[in-house]
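If you count the sequence shown from 1, position 13 lands on 12 in numbering that gives the first Met the number 0, and the numbers rise without skipping.
It should be emphasised that the hints constitute simulated quantities derived from the structure, not laboratory data.
All residues carry an ideal CB built from backbone N, CA and C; glycine is no exception.
Some hints could be false.
Said to hold, decoys possible - Restraint ranges, calculated between C-beta atoms of paired labels, are given here:
no., residue 1, residue 2, range
1, E20, F51, 26 to 32 Å
2, F47, T22, 19 to 25 Å
3, P16, F47, 17 to 23 Å
4, P1, C42, 20 to 26 Å
5, M0, A45, 16 to 22 Å
6, A38, P16, 19 to 25 Å
7, M0, T40, 26 to 32 Å
8, T34, C9, 32 to 38 Å
9, G43, P1, 27 to 33 Å
10, F47, P1, 17 to 23 Å
11, N48, V23, 34 to 40 Å
12, F51, A2, 16 to 22 Å
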Amino acid sequence: MPAVALFITCLVDQLFPQIGEATVRVLERAGCTVTFPAAQTCCGQATFNDGFW
0 MPAVALFITC
10 LVDQLFPQIG
20 EATVRVLERA
30 GCTVTFPAAQ
40 TCCGQATFND
50 GFW
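Given the sequences, and given the hints that come with them, work out the whole structure.
If you want it as structure tokens, here you go:
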């Protein structure tokens, strides 16, 4: 069974949680074991989108 470490961005988590949940469902239906790395940190997307890059 393939293992997938899934990184869910804060934008998905806060604005579109159904996308993250659907992603997990698709991966699990495909036979993957999904984990969420405890050490994951912010990817910086919100800051980048605001022009701070």
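Just to be sure I understand the hint, the distance between the Cβ atoms of A38 and P16 should be within 19 to 25 Å; is that true here?
Holds: the Cβ-Cβ distance is about 21 Å, inside 19 to 25 Å.
Is the distance from the Cβ of M0 to the Cβ of T40 consistent with 26 to 32 Å?
Roughly 27 Å apart at Cβ, these two residues keep to the hinted range, so it holds.
Distance restraint hint 34 to 40 Å, applied to the beta-carbon atoms of N48 and V23:
violated (24 Å)
Do F51 and A2 keep their Cβ atoms within the hinted range of 16 to 22 Å?
This hint is violated: roughly 34 Å between Cβ atoms.
I want to verify a distance hint. Is the separation of the beta carbons of M0 and A45 within 16 to 22 Å?
violated (34 Å)
Using the beta carbons of T34 and C9, state whether their distance is inside 32 to 38 Å or not.
Between T34 and C9, where Cβ atoms are some 18 Å apart, the hint is violated.
Range hint 19 to 25 Å: satisfied by the CB atoms of F47 and T22?
Once the Cβ atoms are compared, 21 Å apart, the range 19 to 25 Å for T22 and F47 holds.
Are P1 and C42 spaced within 20 to 26 Å by their CB atoms?
holds (23 Å)
Using the C-beta atoms of G43 and P1, is the stated range 27 to 33 Å upheld?
Since G43 and P1 have Cβ atoms about 28 Å apart, the given range 27 to 33 Å holds.
For E20 and F51, compare the CB-CB distance with the range 26 to 32 Å and indicate the outcome.
holds (30 Å)
If I claimed the Cβ atoms of F47 and P1 lie 17 to 23 Å apart, would that claim hold in this structure?
violated (30 Å)
Measuring from beta carbon to beta carbon, are P16 and F47 in 17 to 23 Å?
Roughly 21 Å apart at Cβ, these two residues keep to the hinted range, so it holds.
Hint violations for this structure: numbers 5, 8, 10, 11, 12, all remaining hints satisfied.
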